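S.K.: The task is simple: from the sequences and hints, build the whole structure.
So the sequence lines, in the order shown, correspond to chains A and B. Using the working numbering, you'd call the opening residue of the first sequence number 19 and step up by one each time. Using the working numbering, you'd call the opening residue of the second sequence number 65 and step up by one each time.
No lab work stands behind these hints, which were simulated from the structure alone. Computed from a predicted structure; not experimentally measured. Just so you know, even glycine gets a beta-carbon here, dropped at the ideal spot from N, CA and C. Every clue listed holds true.
A few chain B residues that face chain A, going by a derived Cβ cut-off under 10 Å, partial list only:
{"#": "1", "residue": "Tyr99"}
{"#": "2", "residue": "Gly122"}
{"#": "3", "residue": "Glu123"}
{"#": "4", "residue": "Cys155"}
{"#": "5", "residue": "Phe168"}
{"#": "6", "residue": "Gly171"}
So the derived label-pair ranges between C-beta atoms look like this:
{"#": "7", "chain 1": "B", "residue 1": "Met105", "chain 2": "A", "residue 2": "Ser86", "range": "23 to 29 Å"}
{"#": "8", "chain 1": "A", "residue 1": "Gln32", "chain 2": "B", "residue 2": "Ala116", "range": "46 to 52 Å"}
{"#": "9", "chain 1": "B", "residue 1": "Thr71", "chain 2": "A", "residue 2": "Ser46", "range": "33 to 39 Å"}
{"#": "10", "chain 1": "A", "residue 1": "Ala96", "chain 2": "B", "residue 2": "Lys73", "range": "30 to 36 Å"}
{"#": "11", "chain 1": "A", "residue 1": "Pro26", "chain 2": "B", "residue 2": "Ser131", "range": "39 to 45 Å"}
{"#": "12", "chain 1": "B", "residue 1": "Lys78", "chain 2": "A", "residue 2": "Gly34", "range": "45 to 51 Å"}
{"#": "13", "chain 1": "A", "residue 1": "Gly34", "chain 2": "B", "residue 2": "Ala146", "range": "43 to 49 Å"}
{"#": "14", "chain 1": "B", "residue 1": "Val76", "chain 2": "A", "residue 2": "Ser57", "range": "17 to 23 Å"}
{"#": "15", "chain 1": "B", "residue 1": "Trp159", "chain 2": "A", "residue 2": "Glu71", "range": "17 to 23 Å"}
{"#": "16", "chain 1": "B", "residue 1": "Ser148", "chain 2": "A", "residue 2": "Gln27", "range": "21 to 27 Å"}
{"#": "17", "chain 1": "A", "residue 1": "Lys44", "chain 2": "B", "residue 2": "Phe74", "range": "34 to 40 Å"}
{"#": "18", "chain 1": "A", "residue 1": "Glu73", "chain 2": "B", "residue 2": "Asp161", "range": "19 to 25 Å"}
{"#": "19", "chain 1": "B", "residue 1": "Ala116", "chain 2": "A", "residue 2": "Gly34", "range": "47 to 53 Å"}
The primary structure of each chain is shown beneath.
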Amino acid sequence: SQQGEEDPQALSIQEGENATMNCSYKTSINNLQWYRQNSGRGLVHLILIRSNEREKHSGRLRVTLDTSKKSSSLLITASRAADTASYFCATGFLAGNKLTFGGGTRVLVKP
Amino acid sequence: NAGVTQTPKFQVLKTGQSMTLQCAQDMNHEYMSWYRQDPGMGLRLIHYSVGAGITDQGEVPNGYNVSRSTTEDFPLRLLSAAPSQTSVYFCASGWADSNQPQHFGDGTRLSIL
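M.R.: And the structure:
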């Protein structure tokens with residue numbers, strides 16, 4: 019079973035617009051991570067937010083975490099065509115480094 | 065820096081054949097894992113290892129074996145391939161600290177006929 023559920027499943031925006039995607043999960047976590055996957059490639063780590071953090075920034079990325087609602091959001095500001103990819107949230111637990119992934123959000127940024 | 069290297073990139077097998085998917089990392093990471101990704105879905109954990117000589121099962125281990133004789137290598141074996149094992153397989157490595165990211169290979173695309 020998948021721990022995370024992502025919403026929306028697909029997103030199409032114009033270059034320059036912001037993209038927001040959400041992730042909900044079911045059980046207590048140690049951290050939540052976001053990864054990007056370009057077509058035909060492996061996953062690339064974007065950002066990790068710990069369970070005691072509420073917001074984190076990295077360049078044009080902003081991640082929030084609400085542990086009371088068991089949800090997270092990823093915001094990509096001023097999107098570029100190169101941001102076209104699938105984005106996955108993954109939850110990490112105290113025991114080891116196992117990750118449980120959501121189903122992903124496919125983002126298309128049109129030039 | 066090579067990072068995580070997976071071979072082969074593509075493979076077609078017949079039902080019942082066996083094969084080994086190779087994974088090597090050059091970052092001296094303790095933790096290594098194998099995931100499968102089916103169309104339109106996220107990754108599901110098959111097996112993982114927290115160090116040489118130590119392996120454990122993930123969410124979907126049936127039909128797969130692993131071993132970890134060195135820190136660098138973590139091969140995944142399909143003993144008798146089945147069409148349900150058609151998937152893209154990803155290997156990942158990272159530090160044992162759960163608050164560290166994982167590094168992924170580019171995947172092996174496997175088709176079982």
